[in-house]
Amino acid sequence: MARYLAHRVGQAILVVWLAYTLVFLAVQLLPSDPVTIFLTADSAVDQAAIDTMKSQYGYDQPLLVQYLNQLVGVLSGNFGYSLASGQSVLDRISGVAGSTVALAGSAFIVAGLMAVIVVAAATLTRSAILRRVLVNLPPLLAAVPVFWLGLVLLDLLSIRWGVMSLFPDGSVLSLAIPVLVLAAVVSAPLAQVLLKSMNQVYDQPFIDVLRAKGASRSWIFFRHALKNAAGPALTVMGITVGTLFAGSVITETVFARSGLGSVVLTAVTTQDVPLVQGLVLLTASVFVVVNLVVDLLYPLLDPRILKSNGQGAPRALTA
Amino acid sequence: MSTTHDFPAGAPVRDGAGQPAAVAPASPSGRRRLRNPSLWLTALPLAVIAAWAIVPEWFTAYSPFDGVPSENFRAPDAHHLFGTDHLGRDVFTRVVFGTRQTLLTAGLAVVIGLVAGTIIGLIAATAGRVADSAAMRLVDVLLAVPGFLISLVIVTAFSPGPISLGIGIGIASVASFARVVRSEVLRVRNLDFVEASFLNGGTYRSVVVRHILPNASGPVLALLAVDLGAAILAISGLGFLGFGAPPPTPEWGLLIAEGRQYLGTAWWLTTLPGVVIVLTVVLLAALGRQLLKTFRI
Amino acid sequence: MTERIGMTSRPNRTPPRRVPARHSLRLTALLGIAALALAGCGSAAGPATGQNPVAGEPVEGGTLVYAEVTPINNWQTQAARFYEKSNVLNSVLDRLTYFDAGTSELVPWIASEFSSSDDATEFTFTIRPGVTFSDGSPLDAEAVKLNFDALGLGIEAAQIQPNVDFAGYEKAEVIGEDQVRVTLTSPNANFLRATSSVTAGLVSPATLKLDAAGQSAIAEISGSGPFTFESEQPDEEVVLAKRPDYAWAPESAENQGDPYLDKVVIKYLPEVAHRAGAIQSGQVDLARGLQPLDEGTIAASGNQVLPAQGVDLTVNMAAVRIGSGKLDDVNVRRALQIGIDRQSLKETVLSDSYDLAASVLNRQAPGFTDLSAELEYQPDKARQLLDDAGWTVGADGIREKDGVALEVTVTSSNNSVVIKPAFELIEQQWREIGVKLINRAGDNTFLATAMPDPSVEFFGTRQFIYGGLGPIFEPANNTMTHTSDDELNEIFAAERAATPGPERDELLAAEQHALVVDKAYSLVLWDEVQVYGAHRDTRVEFTSGTAPVFQGAWKTGG
Chain A
2 MARYLAHRVG QAILVVWLAY TLVFLAVQLL PSDPVTIFLT ADSAVDQAAI
52 DTMKSQYGYD QPLLVQYLNQ LVGVLSGNFG YSLASGQSVL DRISGVAGST
102 VALAGSAFIV AGLMAVIVVA AATLTRSAIL RRVLVNLPPL LAAVPVFWLG
152 LVLLDLLSIR WGVMSLFPDG SVLSLAIPVL VLAAVVSAPL AQVLLKSMNQ
202 VYDQPFIDVL RAKGASRSWI FFRHALKNAA GPALTVMGIT VGTLFAGSVI
252 TETVFARSGL GSVVLTAVTT QDVPLVQGLV LLTASVFVVV NLVVDLLYPL
302 LDPRILKSNG QGAPRALTA
Chain B
10 MSTTHDFPAG APVRDGAGQP AAVAPASPSG RRRLRNPSLW LTALPLAVIA
60 AWAIVPEWFT AYSPFDGVPS ENFRAPDAHH LFGTDHLGRD VFTRVVFGTR
110 QTLLTAGLAV VIGLVAGTII GLIAATAGRV ADSAAMRLVD VLLAVPGFLI
160 SLVIVTAFSP GPISLGIGIG IASVASFARV VRSEVLRVRN LDFVEASFLN
210 GGTYRSVVVR HILPNASGPV LALLAVDLGA AILAISGLGF LGFGAPPPTP
260 EWGLLIAEGR QYLGTAWWLT TLPGVVIVLT VVLLAALGRQ LLKTFRI
Chain C
5 MTERIGMTSR PNRTPPRRVP ARHSLRLTAL LGIAALALAG CGSAAGPATG
55 QNPVAGEPVE GGTLVYAEVT PINNWQTQAA RFYEKSNVLN SVLDRLTYFD
105 AGTSELVPWI ASEFSSSDDA TEFTFTIRPG VTFSDGSPLD AEAVKLNFDA
155 LGLGIEAAQI QPNVDFAGYE KAEVIGEDQV RVTLTSPNAN FLRATSSVTA
205 GLVSPATLKL DAAGQSAIAE ISGSGPFTFE SEQPDEEVVL AKRPDYAWAP
255 ESAENQGDPY LDKVVIKYLP EVAHRAGAIQ SGQVDLARGL QPLDEGTIAA
305 SGNQVLPAQG VDLTVNMAAV RIGSGKLDDV NVRRALQIGI DRQSLKETVL
355 SDSYDLAASV LNRQAPGFTD LSAELEYQPD KARQLLDDAG WTVGADGIRE
405 KDGVALEVTV TSSNNSVVIK PAFELIEQQW REIGVKLINR AGDNTFLATA
455 MPDPSVEFFG TRQFIYGGLG PIFEPANNTM THTSDDELNE IFAAERAATP
505 GPERDELLAA EQHALVVDKA YSLVLWDEVQ VYGAHRDTRV EFTSGTAPVF
555 QGAWKTGG
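Chains as they are written, first to last, in my numbering: chain A, 2 to 320; chain B, 10 to 306; chain C, 5 to 562.
One chain only, chain A, in its complex shape (with noise of 0.2 Å):
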């Protein structure tokens, strides 16, 4: 265990940095540089003005150089300088990093009961109607726009009932609708993901057993079903973590919360690169970690996949 648990953080390091990498070459498609944007913003400046500041910041080196210092700096501790806000890259992340690991936090764990709960309530319901409601919800929520949802009802709540602020004042309901909001959106492939598992897990015989012995619908689903149809929802939870980092940017943006999201826009517009790539060792992290996670349960749950490949990974299909 202990070495495969080596392995895996191995894997997740490299990972990080081919991220980190990767995100570097991608920035570099951008059309501009963060040194000539910052300083035009304002007014004309002569050239000289701009290859002065690109020198001091090494933006006139050549790309491999660039790389190296960067990632030199990263290795300790050093994560550069945010040209357009004048932070460091790192006080700037972690001045507004803890509003959005609450909000993106919250709705993570309540996307995941949402799901279960919706799925638990299709399947064990015996009304035919109410399971159809049930089982169309997600498709209905995967279909509603974040932004969308999350304006009408600031329109509603705050402008029209007056029950919530417009602003994010540390009240349960400004961080309680923005959480509903994003898991909402979060939990509908969830569920839908879910739902299709269990439908396969419940058309198994072995139902049918459990069934013929006597246990209770719910028993079923609890302590049978629902861990034998976790896995694929479990994987598309692991990988939410982006779908929630979007749907953290585009909420925070609708309910004027502070946050990682308006730090990703102004990052990308000014193309302040050492900011982006902050932001990116710090998603590529959270991302890692989390998925470290589903791949230790995953075998938990479906015991099938360790027992036939040993160390979780297929084997190869031709003989």
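None of these hints come from the bench; they were simulated from the model. Just so you know, not all the hints are guaranteed correct.
[Claimed, not checked] Listed below are the simulated DSBU-like cross-link pairs for lysine-lysine, each with C-alpha atoms no more than 35 Å apart in a straight line:
no.: 1; chain 1: C; residue 1: K350; chain 2: C; residue 2: K405
no.: 2; chain 1: C; residue 1: K330; chain 2: C; residue 2: K405
no.: 3; chain 1: C; residue 1: K523; chain 2: C; residue 2: K350
no.: 4; chain 1: C; residue 1: K213; chain 2: A; residue 2: K55
no.: 5; chain 1: C; residue 1: K213; chain 2: C; residue 2: K405
no.: 6; chain 1: A; residue 1: K214; chain 2: A; residue 2: K228
no.: 7; chain 1: C; residue 1: K330; chain 2: C; residue 2: K350
no.: 8; chain 1: C; residue 1: K175; chain 2: A; residue 2: K55
no.: 9; chain 1: A; residue 1: K55; chain 2: C; residue 2: K350
Being a predicted model, the structure only gives us computed values, none of them experimental.
On the provided structure of chain A, position chains B and C as indicated by the hints.
Frame of chain A; chains B and C shown alone:
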């Protein structure tokens, strides 16, 4: 080599190992199911929307680009089903004419995601441990960099248009297709009938194409339906954040994103195109499910 | 017309006080210092206009919630050339002078007296005694000198560029106890006006010594203004608290003492649709960026629509860049100028709060010349001009010349609520004369790269012009036109060297005529105005740069 299972072997594959012919839609039961009214209830409205994309001018008498400035912000009525916008353009006309661009962009995104994702997922699950490791690291990297950020960078680098938006959003969905394909293929390939086909002398290609893909495709199709909708929504999300195609292009996502600023006064500008999007996405998802049921693939 | 601002912003000033001699006003200011307890007495008249139905005395205390458009993170004071920053810093930083839009004159502020040498190369400022920065250090002549150096030379250690309005700065010297003399290398008649800009806000010497990150953080910036920083939640809010000992308001200000309000909370409402609702539901007291459609709703609900005229700015315009070669020919630019139906613009996407542009300068700006006769909508003449210039209509209705389509692109920031719809309408109008406009207005991402790119034909904008029109149109790489036009630059130079009076006004008129008509580098649209929505209980006025004056604001406490 045999695989151990927790429950009776061959159990979950009634529609696969037992009766492989069921994959073909031409079976009598399939034909009977084609008469299923609820399938047509979802397919017909979608056909109308497809017609909007192909021959938009059949559905409206107004121009999607030129409005009558003095008739702006008219509420919906018999002349203007969806009202008029800030420049006096007929919103229904803009929705109808926006269908093509919307479906092309979202379709491009889905095709990119589906094709690239299926290839990567399939290789990962069936081509050996090294290939799996490499493919999964690639997928991990694609996932670890939020697809949204990739979309932003691509749309910023190559100004927003159907191609850049489609590619940006498509790349973002490659990873999730790959993951689901791999996970499904892994599930299927451990089933006894797959082992059996190999033992019966099936080649890699024939086993993958005849047995693994069809049996693994259920959740993938479910994802496909959702993903087409998700792509439409992603475009509108980018539009909301100011990364949409420039006006006067009519495009669904842009229509609701642009119309939202009048939400307080001219509710129809964002609400009615919004309803069209929601309906379309719901219908697509429903169609996906209906097809699954009908063809039992 | 000239009292446009007065409608809402200076309703209570009585004529005898409007044209006071400079010295007597200085006395008033001094009295203000001596008699803090009398704060508020100057406003005995109270506001009583149609817009502000509740007359009465200013009410002390309370918190005003102000909604800005988008949050910003870099508060460096010299680069405050956009509203999000200047509207807040206006209440944190004092300046040497203040532009009184009512009289179109500069009045004393931190400089109790100021004068210019005849050749406009030497300027002397007498610094008002007893002023302190919020960090406790004195705002004396030495501090002013250090500020001038930072403005004129930049701060290399903090990577801060010189302020463009202070071009030609040579040095500042402290003379005697309380005077500072600035020497320029070349004449600049606009120099005094530049000292009234928020970007020339005075900060404490300790602030000037901070590194780039320090000077970007509003928490670190120490000014002498009526409000000081209290707290912030990045991207969500900034809280300013009043300075109880504030007693050095501009000479023309009603309130010569400390602010009536205890606190100002700046919040952000990026969603246009929420701004009107935020005011109607009483969640904010003042919001910038009301969209035209919502003005009627606000007024009908008994709240206030307050248009703040941007006298310190150019009009809204499409500045022309000729880098792509398509707009080289001045006749093409003229065709586009008269191919805009401005009246339709006003009726469709603007409102009564907006005045159509009649020049590149705002109607109330000193030296404004009325060119409206040259700006009438003449589509047929426009087509003729384009035909004559060799651009013939192609198969798709878009003109071509030598295989190149007359397809032009506009960029602008997304911060103006009306600029994108305006260009949408212009796109329709220009299509009728065979010109295709690619409307990238409101796309901030595109703007970042388009601003330094001379081949993007139009930059939709309005600019602060504290230093006159020269600084924004003159340099070879200016972001407006990316063109250095020798004839134009000659007029700019002559204007800067001329002493205020009829001769200079003529040069100012020549500048406007050249930019709008002769060379048509600026397709002018409407006079800059920022339309604020205010709750019915809010009493607030605005500077000539459209910034709310929180020092004189109060809430009726209803």
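(request) Could you tell me which of the hints above the structure violates, numbers in ascending order? (result) 5, 9
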